[in-house]
Amino acid sequence: MSARRSFLLVLALAVLALIAFQLFARRVSLSSFNFAGAREVRTLLDASMDDQKRLSRIDPARGAEYRRRFEEIGNVTRKLDVVALNRDEIARRYEAILFAVFATGVALALVLYAVAMRRRQRRLARLQTALEALSRGDVDITIADRSRDVIGSIAAMIEQTSRDIAGDRRRLQYLDHLAAWQEAARRHAHEIRTPLTAARLEVDRLVSTVSRHDAALAQTALHAQASIHEELDRLREFTREFTSFARVGQPRLAKHDLWRCVQEFCATFADAWAVELVFERSPCDDCMVLIDNEMFRQVLVNLCNNSALAGATRVTFRIGDDRARVRLEVADDGAGIDAALRGRLFEPYTTTRPIGEGMGLGLAISKKIMLDHGGDLELVENGPGATFRVTMPRIGASA
Amino acid sequence: MRGAFVALTLLGAMHAAAANEPIARLRADAMLVVTLKPDLLAHRDVRKQIGSGLTTTFLVTITDAQNRKGAARIEVRYEPWDEVYLVTARGIDAAAQRARLETFERLAEWWSNAALPLLPSASAVTRAQLTLEVLPFSIEEQKETQRWLSRALGEAHREQAMDASEVRGTAGGNSVLDALIGTSIQRRPIFRQRWTVTVTR
Chain A
10 MSARRSFLLV
20 LALAVLALIA
30 FQLFARRVSL
40 SSFNFAGARE
50 VRTLLDASMD
60 DQKRLSRIDP
70 ARGAEYRRRF
80 EEIGNVTRKL
90 DVVALNRDEI
100 ARRYEAILFA
110 VFATGVALAL
120 VLYAVAMRRR
130 QRRLARLQTA
140 LEALSRGDVD
150 ITIADRSRDV
160 IGSIAAMIEQ
170 TSRDIAGDRR
180 RLQYLDHLAA
190 WQEAARRHAH
200 EIRTPLTAAR
210 LEVDRLVSTV
220 SRHDAALAQT
230 ALHAQASIHE
240 ELDRLREFTR
250 EFTSFARVGQ
260 PRLAKHDLWR
270 CVQEFCATFA
280 DAWAVELVFE
290 RSPCDDCMVL
300 IDNEMFRQVL
310 VNLCNNSALA
320 GATRVTFRIG
330 DDRARVRLEV
340 ADDGAGIDAA
350 LRGRLFEPYT
360 TTRPIGEGMG
370 LGLAISKKIM
380 LDHGGDLELV
390 ENGPGATFRV
400 TMPRIGASA
Chain B
217 MRGAFVALTL
227 LGAMHAAAAN
237 EPIARLRADA
247 MLVVTLKPDL
257 LAHRDVRKQI
267 GSGLTTTFLV
277 TITDAQNRKG
287 AARIEVRYEP
297 WDEVYLVTAR
307 GIDAAAQRAR
317 LETFERLAEW
327 WSNAALPLLP
337 SASAVTRAQL
347 TLEVLPFSIE
357 EQKETQRWLS
367 RALGEAHREQ
377 AMDASEVRGT
387 AGGNSVLDAL
397 IGTSIQRRPI
407 FRQRWTVTVT
417 R
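Which chain is which? The protein sequence lines are A and B, in order. For the first sequence, the working numbering gives the first residue as 10, with consecutive numbering after it. For the second sequence, the working numbering gives the first residue as 217, with consecutive numbering after it.
In short, the hints are calculated from the structure, not lab data. All values derive from a computational prediction rather than experimental measurement. One thing to keep in mind: the hints can contain errors.
[Said to hold, decoys possible] Derived list of chain A stretches under chain B, where covered just means 3 residues or more per stretch with a C-beta under 8 Å from a C-beta of chain B: (1) 74-81; (2) 87-93; (3) 275-283.
Built from N, CA and C at the ideal position, the CB exists for glycine as well.
Kindly produce the complete structure, drawing on both the sequences and the hints.
Structure follows, in structure tokens:
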């Protein structure tokens, strides 16, 4: 039913109520003011006056008293007569006052209803606009309706949906971007690894030939071979890192208690770095999550590794949750992240370490792992120290 | 058929008006005086009202061709203890005529002879518009009843308020009651008639 029809219906009901009220008020008011003209009252008063007159004749000594009573009754009778003569007018005015009060109340209610309907229409129009924007593919929609009624709930859902879509798009964009990097890394690794193997074999063969023909040069050749191998190993390590980045696979999800996973990690890796691992258990009624525990550990290792390299002495793990997600915050007291790097922190090959001391792939791999889990990895606080938030969907949550 | 009925009704009304038409005459001092017909007292509503014990007021007003106005009134009250009619008549000259009449017949007789001074210096007046209004009670009786009813309803309202421990708002309730009573208990004519009279000399 449209707002206009609804308003007309309410208006018709209000008019009916007014008519019903008027009929009721007429019956009530007329019967209320009928007492003045009631035949029984009048007969009794007349009889009483006659009695006083008779009494005065029978008992003349108290004549003055009977006369006074007679006058008193007469006074009341006359007043009742005046009221009876004006009965219809009194009833009419009384009805008019009641009707005015009732009609004012009804009119006020109608005005309030109309105002509420108009407000509701405006809110629905805003919802419609937001839904149209959502259907066009717009994201980060803000409706700014914080009411707790159905419309407010729908507005909150639309905003949440648009945020989710925006998040999904960013995730997909990142994964696409990362996939391109992975493909490049895979090709680079392949292109380097093939000649690397051939070079190693050729060097070995050359050293063997030289050693067989010239014993004097053998020692020098072996020394050169070791040196070349060392460089080739460095190149192999380089390609291995490329390969591992390119081969980050899809997680094999299994049900795990996050709290237990983190606790085990802290126990297992307690001596891996010169960093104290602290697990602050916070209230989390249900921390069951679907994760690939090995990959999840790799994420935590990467984060702890970065913290250790940033000079942290303590890494703290905290678990929190909301209706849809479980969060694990990993906070350290290290040097923090360079503000200039923050925008591209999760891009591959982003590092502050000197060349040759790391490829800057750890955070990119970790983020990809968490995105593949349906979660995310974000930097939430920077300085003092750095705090990363690992999120993953709660089991059974729709989002 | 319908037209004939309307014509007959109008003729009847005209005949009734002509029957109780007052007599207007010019006194020697150029005062226009009016004498009302006793038929008026026999009118059902008037007769009933006169016997009620309230002061029935007969208000007579006159307007001449020059739009000059004059007025007089007769107040009749039946006194039930002594069973007499107390009558006071006042003309434009403010002189009061008082009478104490034992029976309705004596009242009718007095009525037939009462000349009400209505318009002074009326020697040039030949025809005038005369209006009679019968008011059922006096202004004093009106005020007395208003006070009585206001007090009675006010006390009932206060009692209700006390029962409900809602003493506040009593004044507001009373003011509404007073307004209701003050505007509804008013003297409204129970009978009204208008004539165009010819002044006799």
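Structure-based check of each hint:
1. 74-81: Check passed, 3 qualifying residues.
2. 87-93: Holds, because 5 residues of the segment 87-93 of chain A bring their Cβ atoms closer than 8 Å to Cβ atoms of chain B.
3. 275-283: violated (count 0)
Hint check: a violation occurs at hint 3 only; the rest are consistent with the structure.
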